[in-house]
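Protein chains in written order, with this note's numbering: chain A, 65 to 526; chain B, 65 to 526; chain C, 65 to 526; chain D, 65 to 526.
Misleading hints may appear alongside valid ones.
Distance condition first, Cα-Cα at most 27 Å in a straight line; then the derived BS3-like pairs of lysine-lysine [stated by the list, open to error]: (1) Lys477(B) with Lys186(A); (2) Lys477(B) with Lys465(B); (3) Lys477(B) with Lys247(A); (4) Lys136(C) with Lys136(A).
Derived from the structure by calculation, the hints contain no laboratory data.
Protein chains: 4
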Amino acid sequence: MLRERFAGGSGPDPAFDALNRSLPVDRRLVTEDLAGSRAHVRMLAACGVIAPEERDALLAGLDQVEAIAREKGIPDDPKVEDVHLWVERTLAEVAGAVAGKLHTARSRNDQVALDLRLALRKFVGEARAGIRELLQALAGQARGNLALVLPLYTHLQRAQPVLLGHHLLAHAEALRRDAARMKDLLRHADVCPLGAGAGAGTTYPTRPELTSQDLVFSEPLRNSIDAVSDRDFVLEFAAAATLLCVHLSRLGEEIVLWTAPEFGFARLPDAWSSGSSIMPQKRNPDAAELCRASAGRTLGRFVALATAVKGLPLSYNKDLQESTAVLLETGDTLRQVLPAMAGMIAGITWDSARMRAAVEDPRSFVLATDLADHLVRRGVAFRVAHGQVANLVTWAEGARKGLGDLSLDEIRKHCPQAGEDAKSALSVEGALAARASRGGTAPARVAQALAALEAELAAGGP
Amino acid sequence: MLRERFAGGSGPDPAFDALNRSLPVDRRLVTEDLAGSRAHVRMLAACGVIAPEERDALLAGLDQVEAIAREKGIPDDPKVEDVHLWVERTLAEVAGAVAGKLHTARSRNDQVALDLRLALRKFVGEARAGIRELLQALAGQARGNLALVLPLYTHLQRAQPVLLGHHLLAHAEALRRDAARMKDLLRHADVCPLGAGAGAGTTYPTRPELTSQDLVFSEPLRNSIDAVSDRDFVLEFAAAATLLCVHLSRLGEEIVLWTAPEFGFARLPDAWSSGSSIMPQKRNPDAAELCRASAGRTLGRFVALATAVKGLPLSYNKDLQESTAVLLETGDTLRQVLPAMAGMIAGITWDSARMRAAVEDPRSFVLATDLADHLVRRGVAFRVAHGQVANLVTWAEGARKGLGDLSLDEIRKHCPQAGEDAKSALSVEGALAARASRGGTAPARVAQALAALEAELAAGGP
Amino acid sequence: MLRERFAGGSGPDPAFDALNRSLPVDRRLVTEDLAGSRAHVRMLAACGVIAPEERDALLAGLDQVEAIAREKGIPDDPKVEDVHLWVERTLAEVAGAVAGKLHTARSRNDQVALDLRLALRKFVGEARAGIRELLQALAGQARGNLALVLPLYTHLQRAQPVLLGHHLLAHAEALRRDAARMKDLLRHADVCPLGAGAGAGTTYPTRPELTSQDLVFSEPLRNSIDAVSDRDFVLEFAAAATLLCVHLSRLGEEIVLWTAPEFGFARLPDAWSSGSSIMPQKRNPDAAELCRASAGRTLGRFVALATAVKGLPLSYNKDLQESTAVLLETGDTLRQVLPAMAGMIAGITWDSARMRAAVEDPRSFVLATDLADHLVRRGVAFRVAHGQVANLVTWAEGARKGLGDLSLDEIRKHCPQAGEDAKSALSVEGALAARASRGGTAPARVAQALAALEAELAAGGP
Amino acid sequence: MLRERFAGGSGPDPAFDALNRSLPVDRRLVTEDLAGSRAHVRMLAACGVIAPEERDALLAGLDQVEAIAREKGIPDDPKVEDVHLWVERTLAEVAGAVAGKLHTARSRNDQVALDLRLALRKFVGEARAGIRELLQALAGQARGNLALVLPLYTHLQRAQPVLLGHHLLAHAEALRRDAARMKDLLRHADVCPLGAGAGAGTTYPTRPELTSQDLVFSEPLRNSIDAVSDRDFVLEFAAAATLLCVHLSRLGEEIVLWTAPEFGFARLPDAWSSGSSIMPQKRNPDAAELCRASAGRTLGRFVALATAVKGLPLSYNKDLQESTAVLLETGDTLRQVLPAMAGMIAGITWDSARMRAAVEDPRSFVLATDLADHLVRRGVAFRVAHGQVANLVTWAEGARKGLGDLSLDEIRKHCPQAGEDAKSALSVEGALAARASRGGTAPARVAQALAALEAELAAGGP
């Protein structure tokens, strides 16, 4: 219909169609589109814009359209520009002339803005569930491996001993922030755009309050121009997804490292390992790598839409169509990576001996800070203690000894204030227990933090 | 000091220094660094880690360091790696050996995480003030030009008449969301990282709760590894700044359009116009263009940091240093563009005649929707009415007539159900008034929305 | 087959499959994959690794596989990981046990690197043809509208008069650079990766020189590790596509502006215009807007891949799989936007009167520079002349006069050295003709430049 | 001067200035600006636009300006908008009224386009030199460590043995492409924009050919509008720098991995290692991490400019000012990372025993492919052989044996066609030597490739 307006019915140029038609992408929004249309129809009737029997006929027709979509799917009909026109056209086929009333007091501009917000709500709900599932997996691993210890790395150099649970809970903190962001962005988008029409509002005595309530939004649109111009909610979702995937990329990188033979800290289950087409021995962490790559994918989508929207005057411009693909592709990515990461974490097994060996490797001196702290407790200024221990380490490296191999005399040669108990202070368990202030890796602290996360998850999660 | 650890005192390679030294950038964080050090010193004393007189000596020394920074600035001394070491070194000069105690129970890792969070707080505060200033300017223009009308554009084609105030308030809605995002991201970052040490916590009997309270955070760190690994807050700030600048880019584009001679809707004051080096007549909207370009700048910063952080294993890695530049550069950009846009908007003047002429231009048919709606009210299904009016418009274009030029007979030739009052329904003021449902451009609605914004601003703003 | 290696045949976790399987995307590479396999088979036989009759059986089988793919398509079989395994499995069905020899001396790692390079070659060829088509359209419009004049805009303010042909040829210059980039990037990628195996080379007495020649590459791989690790060619294509789409976005923006009623310089043909779902009068430049948005899309793809590859150790990592989607999506975008822009440009019509009126609009003073130049020719230093004319313009604006409306006396009040012929110097045609040095808008120069472009296109184009 | 045109001399709003003034950034272009001005002055005189004595006075003045810039630097004078006006103003101070003639037949629009191109040329020259230096370091390490062997990794899992030299030369291939891109982009930018004026050309009888030759460009501008609108060359430089830094990020990641204690393949010299503020034992690869992060930085700059330029109508718009910062910041980044990477590579030392141990680690089965290939040579189809060896490996893993530990009988239990020489075929040196086709890791091939690179570098490098 709209397509035939120009060119004496000859319709758009095929190259125009190839670029312009969004049906192949937006047909996935049919559920949202139908939900919006139902609410719109009910509101029109409640406001007296259409008659009750027209309402009933339209609602029955929309049910039929939904059944057709569900059963036959929506074909990529080259004569149909988008999902909205497919619904309208199919409705006309099943419901007859009354279908022409569906678009009363509504424009594609407010309609698509609504569909995207409804789809966003679904994707955010899924993302939050996926985050919770992953948090559950992290909590489960922490609970099941309370005593495991591994080195904390800074600059991928061994720094100090930490509990595996403490390390896993660090990832949980990042994910809790992701959940908070998802929640907040939905709140920022919790506005029903129906009623904006093409951008100036509608001339019918409609009540946007009704559609807003019907569709469970907190409030109806505040400004019609903004309602059709705004794609912040897609951008904010893409940005939040990017941060989330950056977090997954860090965890993915660690899985790759931990399962590399040089580390050997962990092993992925068979169901999460890949073979090679040529090397019979390979056991590859493909899923962890793809989670790592997902940060690029989501970031790219954010850039695509931010760049497309940049510099557009109000109100609706066709450039905004890019937001549909960005929303769907971002949602799809999260749908793939969150369960994958949860599955990997849930199934991963640990080689506690390899981890412990890394901590106790005498060449790594992961207790050097503890020795410096010991000196401080005996009155040495930290900066001085740091220097003395640094010299001691340099000397020990030359002598090919670890800290534990040194005699008290050797220690005192560089650290004259070292106490009789200096050596006994240099134990892994002592080092862990000593880090007992808030946020530290002391077993009691980690147990506390884990219990708090478990309680939060039991209460529905972040 | 740290620099001399290696190479037998010969120090780092000059090319290493050129890449690694962050003093030229992070010396701007000296205020935050000193604030954090003071709180740390007070906490150390409260916990008995240092003596009261050491505390007093350190605090007095830090005051002296601040005075030096304020009066002489911080020179880009090639022997000093970063601002933290500059403070420590300067403190040693003014306070003597006690300076060596400052770094007790603290690492550069938690220290820099704190400094960045404090700087973020400042930048967000400024951004929110800048947004409010701009909202004030928009509200002022809306208040001062209540009766002005211009075309709403979709696809930069004239669509329907709207009030200028309605259009300006659309931008205000976007900015209100920006303010909400700024507020929320600060909440997500409202955690004091001090106490994380290098990443595992500290072995001293410290109380992170005290530094957290002292520095007015909501809570101390929850996990030491996360505390030193996390740069979400810079990323989230850069993302929020990008959305904000995308909004400014849209307003900037409109200023460029409105002040172009073809539109002629507005004129920038002299204090916001630029000349040309060669064309004596030019009056260029440079500031609007630079606001438009700022979306690229902030987006680029977000990409820079997201890409740098992607794939990093926990905990601290030097790559995170990129966050300092991203935070400062993003904050600086907002400092420039928000006042500029507020200044332009406050000073812009309107050519109401040009706007009105654009609305009434008979070739633009901005009341065509109203005629279709008129037909609907007389029982025609919307889709049918839309088709009839489309045909009428096509005919009128051929006849070089506007809708207002048509006789009722001419209208009825394409729209047989048109009523006697069809022509009187085709008035700009009628079209405006009819869009009276929530969010619409009817004068009463716009007055209501403006009053609400003014009240919000009077109450402190979003 | 590979999928069953782990988990005692129970196969990968469904969530792993959902993330990992690339068949839905890479089945589009089947033609390239088959071409590579044929060349590989011929090489294996030529080197004696397989027997001639095995070669023949494999080639015949590959023909059958191609026929199956062409006739039935490649179903998204959840048991098949990617297109390479689909080919291998289908080959086994049609050719029997000999199919097991296809993968001799080859790995998926060098195979996918080859397929992507072959697909790149196709996409670049198409892009270059699309650029030439668009250049043809621009040249055609310039040729058909040699005498049309419009304002040159800087800052979207009118600056000086130029020929429409000169303006269109500016876009042609940008596109010529795009063509050069496309050509060069193909040259950088003109290396056949077959022979790299998994990354170390192969143990068979193969001759990569033969496959390289067979597949028309300039040279075989130089380093096997690089051959499987390198995705520069996709990144470079995405970057070149971004620049190309940035150019299209600028032209798209101008089409949007020119067809806006305020400018009214141009009209899109019906076959390139869209209607509105609600506003019967609308005539929207959707295709121009989508071309504008394509810069975001291509930029986003570049960012996605650059971020995914960043920080990967050599050699192959699964993250590189992102390159397939980036290549295909980028190629698809160019396939859509180049013909669309060519179609729009070929069909656009000009309103020479509106353009001329914009040039002659007395308020725009587009000849002010010419007056300054007149003064310079009479001995005034340019900076002085610029200042005098600026003052004259300010005065004329106040007096609501254009330059052409001023008497010589009025001119001389601000520009005392103005000659008797000052006024006659102020003609549009004079201004055009005067800009006669290389690259200028003088009609003779533009004719020359147009002829050069036409000759280049006739010779095959850039 | 230009700044005082508006507002009755009261000048721009301070907030406008804060946004608009580019002097703090573009004063770094003073050398380029002066070079361009000198060529322009000589051309003006050669064309008779200025007199010989004016030329001489201007050239002498420009020398004085340069001396002032060199000796005193260019202060960030708030009254001066940019470097071009600083030069003009300073010239007026030293040369008097003749300075007013400098801007004849030139606009800031073509002037800044020239300055950027000259700066680009310098940066590209530096980048190419930096790439060559890094290639030299890689070649030096390969030459000095010809016999070292380490595992090739795919998915960070050990795959097959390779020579260290082969691995280093893989990075060299990537860098050779970077050099080619740098060379080509300079060719694409090899056009002198002087003569474009504000965008339409100039009315003076100038000869752009002369300035083009004087400044050693291949040709003068082809189209004046394009000459002032085009920033492709900055974008292309940023894109090429991004690819280069992505390569450095991969090498940086490997340095981080290799120097991690778990790998222990390499050790950075003291002059390229960093300590920790708190952990006395640390030896951090900060420079490698910063090289890794540089990919984000350069990518962000590309995004910033591409987004800023997107959707701009021709010709010059102020948004293009972003290109100055992008060019300088990108150039600066390359100036830092290329020498740093060259320094690290030149100084790194290898632990051949750790590498060899990783290759020979029986758990890693890096010769499994060779066993499969052995079976193929005995008539087994590759896919069958692959399956047999995979089963053998699974069995051996269970039995905690490496391939070398297996008896021929054990091998034949899974691989019945294994020959008597099966075991002797399973040697690292044999595996290396067997990969002898083009691009493979066989010692003879690597020696050949290294010699070729050395010859290329001796001849001036890529």
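Right, here's what the structure says about each hint:
1. Among the hinted pairs, Lys477(B) with Lys186(A) is inconsistent with the structure: their alpha-carbon atoms are about 48 Å apart, more than 27 Å.
2. Distance check on the hinted pair: Lys477(B) and Lys465(B) sit about 15 Å apart at the alpha-carbon level, within 27 Å; holds.
3. Of the supplied pair hints, the one linking Lys477(B) and Lys247(A) is violated, its CA atoms being roughly 55 Å apart against a limit of 27 Å.
4. Between the alpha carbons of Lys136(C) and Lys136(A) the distance comes to roughly 20 Å, so the proposed pair stays at or under 27 Å and holds.
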